[in-house]
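Engineer: Read off the chains here:
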Amino acid sequence: MIIATIVGLIAGVVLGFTLNITYPSEYSFYITMALLAAIDSLLGATRSYMEGKYNNAIFLSGFFTNAILAAVLVYLGDRLGIPLYYATILVFGGRLFQNLAMIRRIIIDKYFLKKE
Amino acid sequence: MKNKSGIIVITVIAVFIGLAISIQISTTDSSEIGGLIPVAKAQGLEQELRQLRAEKEAIMQEYLELESRLKEIEEKNLSDDAFLQEATRELEKYRMSTGVVDVKGPGIIVTVDDPLPTEDNPGDGYSTIMLRYDLLLLLVNKLKEAGAEAISINGQRIISISEISLAGDNVNINTVPTAPPYTIKAIGNSDTLSSTLSIRYGIVETMRKNFGLIVEIVKQEEIEIPRYSGVIKFRYAKPINNTAEEE
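As given, the protein sequences belong to chains P and R, one line each in that order. According to this note's numbering, the first sequence is numbered sequentially starting from 163. According to this note's numbering, the second sequence is numbered sequentially starting from 585.
Derived from the structure by calculation, the hints contain no laboratory data. Please note that the accuracy of each hint is not assured.
If the Cβ cut is set under 7 Å, some of the chain P residues that face chain R in the computed set are [as the list claims (entries may be wrong)]:
1) Ala166
2) Gly170
3) Leu171
4) Ala173
5) Gly174
6) Val175
7) Ile183
8) Tyr185
9) Leu204
10) Ala207
11) Tyr211
12) Asn218
13) Ala219
14) Phe259
Ideal Cβ placement from N, Cα and C applies to all residues, glycine included.
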């Protein structure tokens with residue numbers, strides 16, 4: 163499972179660099195925040211898959227709503243003059259570490275502790 | 585079966601995210617300011633710049649108004665006294681020579697532009713005349729040699745303290761950034777001026793042949809040259825009053 167995620171990510175990065183696409187840099191901040199949310203969703207899906215609780219609908223809906231919410235928060239913050247994107251960074255950044263920790267534990271449980 | 589579709593979906597999304605990451609990296613690399621500048625901040629700075637420009641414009645306007653009022657008062661106080669009239673005429677002459685009044689008269693207009701990029705020489709993105717701004721200095725020097733009484737480059741009057749120097753991506757004249765094409769106006773005897781410039785092996789030929797610059801000289805009956813718009817301050821130089829000592 164985690165292999166599929168990593169392979170997919172690497173394939174995407176390679177594809178992006180070979181295609182060499184750019185977009186207007188005004189949007190770069192929105193994309194960064196949406197990206198953070200998307201990475202969190204991806205790790206969350208990997209984790210729940212390993213826990214055996216994975217569901218396509220939950221993953222896909224979470225993926226899109228989180229990304230959109232992140233971009234909207236940045237936009238709203240820009241309009242209001244409040245750095246609302248901090249919320250995105252803190253929440254999704256925190257969850258990123260949490261998900262990674264869970265994945266780590268599952269892997270350790272599965273492959274190292276069971277052998278004993 | 586359900587698990588298998590999950591792997592496919594996650595892989596597809598992972599590819600998508602990887603794609604977004606790499607696009608983001610190449611975009612951030614290509615933009616000068618980098619990725620982490622919120623739109624609001626950039627807009628704020630832009631707003632500030634615009635405001636300062638407007639302020640400068642308003643102050644300049646006020647300055648010109650005050651100056652014209654000063655002139656009015658001077659003229660009003662001008663009596664029939666011959667000495668005072670003479671002094672005012674003298675003052676006007678010095679004003680013209682320092683470049684703080686608009687002047688007009690016959691002269692030439694020289695336009696200098698970069699060579700057009702050709703297939704053999706596509707250029708390296710730099711402006712020839714801006715890199716070799718010393719050519720502009722030479723040109724101004726030659727004009728002065730030919731007896732030009734007032735010179736301006738792209739609307740910047742050349743006075744005794746004017747500089748022409750490369751600063752970053754701009755050539756600063758009177759601390760105002762300028763860019764090609766350069767229009768150099770000079771008031772004086774138009775025949776003398778133009779023949780001094782276009783003499784064989786002269787400055788214009790050097791610019792055309794050695795640098796490929798596009799130089800054109802036009803003689804005109806009447807040219808207007810704007811005043812120097814900065815402030816002339818003497819902080820170090822003090823006049824020496826010779827006459828007082830001699831007496």
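Engineer: Kindly indicate which numbered hints from before are broken by the structure, ordering the numbers from low to high.
Structural biologist: Per hint list: 13 and 14 violated.
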